[in-house]
Each structure stands twice: as structure tokens, then as C-alpha cells.
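*Asks:* Starting from the structure of chain A, add chains B and C where the hints point.
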Amino acid sequence: MSLLEIKGLTCRFGGLIAVNDFNIELGERQMVALIGPNGAGKTTVFNLISGFYQPSEGAITVLGKDTRGMRPHQVTSLGVARTFQGIRLWGEMSVLDNIRVSQHYRCGYSLLDCFLRTRKYMLRETEIERTAWELLEAMDLKDCAHELPRNLSYGLQRRVEIARAMSLKPSLLLLDEPAAGLNSADVEGLIKLVRWIHDTYPVTIWMIEHQMKVVMSLCSHIKVIDFGATIADGSPAEIQANPAVIKAYLGDDTI
Amino acid sequence: MQKHTFTITMFAGMAVLAVLAQLGVINQYLQSVIMLMGVNIILCSSLNLVNGYMGEFSCGHGGFMCVGAYASSLVTVLCFSKNHILGAPLLPDSLALLAFPLALAAGAAVAAVAGLVVAVPSFKTRGDYLAIITLAANYIVISAIDNLEIIGGPRGFMGMNATVNAMNDLVQIPWMLLWVLGGTLFSVWILRRFVSSTLGKGVPAIAQDEIAAEIMSVDTNRMKLIAFMLSSGLAGLAGGLFAHILGYVNPHSFDIMKSTEVMVMVYLGGMGSLSGATLSAVLFTVLLEVLRPLEIWKWVVIPLLLILLMQFRPEGIMGNKELSDLFPKLKKYYSFK
Amino acid sequence: MEFFQHVLNALQFGSFYALIALGYTLVYGVLRLINFAHGDIFMVGAYIAYFVAIMLLGADGVAAGAGLSPGLTLAITVPVTMILTSLVGVTLERTMYRPLRRKGADRLYVVITALMAGLILENGNLALLGASRKSFPELLQKVVWTFGGVSVTNLKVIVIVAAVVVFGLLQFIVTRTKIGMAMRGISYDKFAIPLMGIPLDTIIVFTFILGSSMAGLAGILFAMSYPILEPYMGALIGWKAFIAAVVGGIGDIRGAIVGGFLLGFIEIGVVAVFPSTLRDLFAFSVLLGILWLKPTGLFGVAKTTKI
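Heads up: the protein sequence lines correspond to chains A, B and C, in order.
The numbers in our numbering rise by one with no breaks, and the one at position 71 of the first sequence is 71.
The numbers in our numbering rise by one with no breaks, and the one at position 111 of the second sequence is 1111.
The numbers in our numbering rise by one with no breaks, and the one at position 53 of the third sequence is 2053.
Note that these hints are calculated values from the structure, not bench results.
Warning: the hint list may mix true and false statements.
Said to hold, decoys possible - Below, a list of computed lysine-lysine pairs in the DSSO-like style, where the Cα atoms sit at most 30 Å apart: (1) Lys65/A <-> Lys120/A; (2) Lys1331/B <-> Lys142/A; (3) Lys1331/B <-> Lys65/A; (4) Lys1298/B <-> Lys2134/C; (5) Lys1124/B <-> Lys2190/C; (6) Lys2156/C <-> Lys2103/C.
What the hints assert, rightly or not - Sample of chain B residues at the chain A side, in silico, Cβ under 8 Å: (7) Met1158; (8) Ile1173; (9) Thr1198; (10) Gly1200; (11) Ala1205.
To be verified - Interface residues of chain A toward chain B, partial, derived using beta-carbon atoms under 8 Å: (12) Tyr53; (13) Val101; (14) Tyr154.
Being a predicted model, the structure only gives us computed values, none of them experimental.
Every residue, glycine too, gets a C-beta built ideally from N, C-alpha and C.
In isolation and in its complexed conformation, chain A is listed as follows (with noise of 0.2 Å):
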């Protein structure tokens, strides 16, 4: 069974076509990249896999269950985490309770039980308190895990952003566009950062990015989209030749 298979997705917006045919399948461990011009329909392609839009056409299925009409939360708990293109933390609470609300779907205790503070609910509680200091721990975050994150530098930020995706436990991590705003130094630290979690966590991970560079050394295969149809899929050596890439970046003309 395929971690992810996406049949035929279609996205209309009024009479705008946003996603048109799109199919992929990946496994486990992957490492691939989805690229494209401005408005090619690359975070639409996200938006529906997060269950964010339903869509016109297509089926979506994540471990073998179909996620049409399924809420984004819904998703989520299937395993399907992501971020997000401009960084969408929670500005008003630590770094660390930002990694806890993002386990909420794993809290299982009732209302109830978080009243009357029961066993259940002190067990599940330390469990997640424990698997957001392993995390903070590991990915270099636990000086700052009382700060607020408006008060912490972007590159930081997108750190602790990636960190809360890690905390769902995801099989599939979608990055949205991870590096747009960081500086060459940061840069780096996001690819050793994305090729170290791939190596520690069994998850695959899909990205969105207009840095080459980010997307070259990383990925294994990448997929081309413009105008919401997908026009080259192939390895970074094959869509750097491709002619179609090129013109939808580039243009007809020869400069």
C-alpha cells in the first residue's frame, strides 16, 4: 500500500481551472520536490491534500483511505503534516505549547478527565510533554522553548514551524516553500535540517520550493507544474534538461 496516491485531481475555482489531472503516488521514505512558476497550482495541490479544499475531480487516498470530504484535522491524524508558505505559528504562546497544542489530536482524554485530572489524562499529558522536549531537544530548539515566537529570528521561526509539523508524527511532511525568506546561512541549515530528518524519522517528504538549490541537493524526484497541469516528472538531472521546464520558466523566446 502506497503512502500516498493522488488519482486525477481536478480543482475548479469558478471557471478557473487551479488543478488540472494531477496524479502521484509515493512510498515510504521518499524525498521529492513539486516546483513551478508563480500560480501554478502548487500549494492548491497542498491545500487539498490537507483536506483545506474538497476536490472537483479525483480521489485523494493516505494510507488506503480515501480523504474526500474528510476536515483538514481529519487529515492531519491520518498522518499528513505540513507547513505553511508565509509561517503560521501561534504568536501568543511558548515555543514549547506550540508543539503541544500541535499533538492535540493525540490527547484522547475526555472533558472529564481533564477536570478531574484522572490517570488517563496525567499519563497522556507527561507523554506529550515528553515527545515535545525529545523533539525540542533534538532539532536545537530547547533554549527558546519558553520565548514567544514573534520573538524569535525568521530562520528560527521556520525551525520551530518545521519542529511542530514533527510533533504529529507524520508519515508525510508537506513543506511549503521552507526556504522563501531565509538568507544563504540559514539556507544551509534548512537542507542539513530536512536531510537529517529524513534520515531520523521514517517519514517522506514533499516539498514545495523555487530554490533550486534546496531542491537539487535534496530531492530524488521532482514533478513540474504550470497552469495546474503537470508537464515534466522526472530526476533533478532530467528536469534541469527538460525543454518544457525551461520554457515555463523562462518563456519562448530566446534571450
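*Replies:* Coordinates of chains B and C only, in the frame set by chain A:
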């Protein structure tokens, strides 16, 4: 040790107040002010869950208080007093002590169900539009009761004193004071336990970024349901206590003016702070009593104070901090979770 | 025939709601601010009209009255009231809302300030003038026209016509003039507007003048139709008009008119069939139902969130 200091202090305080009231050191007037404080603390901290922690703008809290007040009063009047429409008492007076908390719970439960009127639309909408829904809900409750002649309509509903008297006949102690203090402790305690749990932290996550919350596995609809129902349920509890303190309720004591009063307390204390809510409820009650000689000017002075507060310290007295965040040394002496 | 009589009454009531709702919607449309004090500005308008009329007429024991004829009094009262009422609105904006806006305060704080300003107007009035109700002098000779069993007073016609004219005027200003374009611009992005060389504060003040003078006009007309004034008269009718504005889709001028008339028709319809005490219950329940089904109101457009 510090794990229990808070609980011990609270219960000791309650006992001391009760003894002082019993001995007549605290007169009737002071007792009623203390009881009003308790009711206000419940109202303010429960609205804080929605308006502070969840960042919504509910302006119909008085409506839920009204539902709770009428529901619990109806139960006690049915059980313990002779009413010309509802008939003879159903239960012997000796059961009053047992039945009273159940009546309060019933009031809270009915109010929590009424909270659904606001909770369900909140799935689809928020902000200004939800504010209007809460406002309309408040008006609907008041005018529905206005039209229910069986519970007195606009003239109000009475007979709750019979239950209080029945309790006093069993043991002569200041029962209502104890119930109010107990209800207040209960409310603050469950709210504190809720907002400090990972489950409850989903609520401020919704306020700060709802989309991120949903995608990070927080079931936002469920959290909204819990927040609105918990908030309106506790308002119902406050209403039940309030009705039995006065022994008489009128639908118009719960109109938009009451809701505004509670909102004033919430924003005075600071959104997302339980100690702030408690502090501001106490201050506000005292302020109302102190300004009583001003008569109607009181309601010019208080809004003016709040306007000045909004200009110069809009986050309220405590902001979103708790007492132990502002004074970390206090953590040595108590922990309240 | 009774039916047409009800329709006329509904149109009249709807006109009051619509006139007040327009003020809410204008300010909301430009500033995204629910000006909760607006209902009380309407009340202040009615009181201003009362005092101006008394002064001019010399009635009700005012010695300094000018002793003008009712017709002339009306002609002067209308513009004077509209100007004075808009001054009240502008004062609120200058002293309370603008400092908050300058500080970049959260919208919520402005809304609370507005709510409190409303309370001050209500209770300040009560404290200053006492609880006794004022009865508005009759300025317009009542004329009743009867068409086949349906009787219409001239006042009713004036009220309805005023609402329609005001709607047309505002729609024209907002959609066809430069200042209207600036108003719409502010609602999209109030930080970019000053960069385009448009005086932000002037436009906002203009918005408050428009909205408050409409409330003043509604105040006069209301006082002439129901000549009993009391400090809390603005509260209930204001809240209702506000809900009407939201049901229409707040921020949209057509929405305010439609919402206002809808509320008028619901209320009169309920009263025609059921006991009048059920009016508020039904009216609010219907409005709540509409908001359940269409949370952004009839003309409102849902804001799309982008990730």
C-alpha cells in the same frame, strides 16, 4: 506542599467567611456584596473563555445567565414552594439541601444547551457576524421569557426563597453565601484546569490562527462547541445563584446591559487571564458599590473609565498573564493547575 | 385593504431602520468598525431636534423662544439638527476613535470604546435631563389622504421618501464620486490610502458626518411620528437597525436598505397576526435564522482566507 496551598487557603477563606457571617460580624449588606462578587467572578471568568481565550466577541452572556436563572428557579419552585400556577411543592423541605445543587446543575445544563444557538453558527462564521448572533440570542431569550406568562412574563418570577428557607430550617447557617463561594471556586477551578491542559490550549490556538489550528490536528468545531457550552453553562450557574440570592428574577435584569457589564469586567481584567478576570470582577463589584451614591452618573463614570483604559492600557489590568507569571516568586507558595 | 395599510406601516418602520442602518453600514464599510454608539447618536438627534424646535417655537415654557411658525421651525430644525448631530458623531471620532487608530490599536478596543460611548450618551442624557419623557411639538399639520380604505398621512410619505432619497444619495456618493472611491479604498487598505495622497482623516470625518446626519434626520422624523422622547429610545431601535444592517450584509448600502425594510415587514407582519409582545421574539428569531443560513448576510461577500 505548594501543590495544596491554594486549595487549603481557599477552603479556609470560605470557612472563615462563613463563620464570620454566622457570628454576625459580616452584616447582611456585606454578605450580599460578597455574593455578588462571587456571581460576577463566575460570569467574568466564563465569558473570558470565549472573549479572551478564544478571541470571539460574544455580547449576549446575560442571555445564558437568564436561561440558567429561570431553569434552576423553575426546578426549586416546583419542588419546594407553593405556586399558584405550578401547584403545591413536590418534595418535602428536608430534601432541599440535596436538591439545591441539582437545581443549580440543571440550570447550568440548560444554559449550556442554549449555548448551542451560538456555538453551531460559530463553525462557519466568526468576528462581527458572530457578535450579532450572540446579541440576537440575548434578545431572543429575554423576549421569549417576556412572553411566557406561566413563569410571570415581564413581571418576573419569584418563590425561590422557599428553598433557601428550607435549607435554613435544616441547619441555620448562611447557606447562600456558602453555595456562592463554592460555585465560584468550582467555576474558576474547572476553567483553570481546562485552559492549562493541552486539550484546552486548542482554544487560544483557534484565536491566534484558526487555519493553523485545524491543520495541526485541533478539531476546531469540537473546541468551539466545548468553549461556548462551558462558557454559557457557567453563566447559567451564575444565573441560578443570582436568582436564589435575590429570591426573585426579572427577564430585564439579564438584558444587553447585563451582558455589557460582564464584557466591561472581562476587558478590564485582561483577555485570557483568569486571575485578571477574578481581580476585575472583585474590583468592579466594589466600584459599583462605592459609586452607588452617584446614582445614574455611575453609568457615565464607569464607561468613561473603560474608555480611558482602552486608550492607555488596552490589554486590561493583567493582559494575558496570570498572577504567577507576573510575580514568579509566588510559584514558591502555590501552584494552581 | 387592511393588507395595504400594513404594507405602508411596514414601509414607514423599515425606513427608520434603514436610515439608521445606513449610518452603521457606512462607518463599517469604511473603517470595519461597528459604531455601537450610532443608535444613541440617533437618540441625541431626536433630542437636539426637540430642543431646537422648542427654542424656535417658544413652546413648552421656554421663555427665550423665537415664536416662529411651525412650518418655518421645521424648515430650520431639519438642517440644524443634521449639522449638530453630525458634530456629535465627529466629536466621538476625534476624541475616541482617532487616537486609538493612530496608536494602531486592535479593532476590538475601538468597538468597546464605541459601546461605552453609547452608554455615556444614554446615561449622560438621563442624568442631565432626568427620566421624564419629552413630548415633541407638532411641527407639521397632519394631512390624511384616503385611497379606497387605505389612509396615508403626509408624514408617512415623507418618511418613506426620505429613506429612498437618502439611499439614492449615498449610493451615488459611494459609487460615483471621487470621495466615495476614497471611502471604498480605505475599506480595502487603510495603510496604502495615505500613501496615495488621500487625506485619510478627512475622508473618515466625512464618513462620520454622512452617517451621523442621517441618524439626525431619522431622529427628527421619528420624533415627529412618535412624539415621545426618552434616553433609551436609541438603544433598542439602534441594536435592531444594526442587526438589520448585518442581515443585509454590513458594509453594503443596498444591504442596509434591504435589511431595514425586511425588519420593518417582519415586525409589522408579526404584529398583524400575533399579539404585539411577540414582535421582538419573531423579528430576532428570523434574523438569527438568516444569519445561520447565510452568515455573511444577504449582500455580504464571504472573505476568502488564503494559505
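*Asks:* Take the hints in turn and mark each one as holding or not.
*Replies:* Hints versus structure:
no.: 1; hint: Lys65/A <-> Lys120/A; verdict: holds, 29 Å
no.: 2; hint: Lys1331/B <-> Lys142/A; verdict: holds, 22 Å
no.: 3; hint: Lys1331/B <-> Lys65/A; verdict: violated, 48 Å
no.: 4; hint: Lys1298/B <-> Lys2134/C; verdict: holds, 23 Å
no.: 5; hint: Lys1124/B <-> Lys2190/C; verdict: holds, 27 Å
no.: 6; hint: Lys2156/C <-> Lys2103/C; verdict: violated, 45 Å
no.: 7; hint: Met1158; verdict: violated, 34 Å
no.: 8; hint: Ile1173; verdict: violated, 28 Å
no.: 9; hint: Thr1198; verdict: holds, 5 Å
no.: 10; hint: Gly1200; verdict: holds, 7 Å
no.: 11; hint: Ala1205; verdict: holds, 5 Å
no.: 12; hint: Tyr53; verdict: violated, 12 Å
no.: 13; hint: Val101; verdict: holds, 5 Å
no.: 14; hint: Tyr154; verdict: violated, 17 Å
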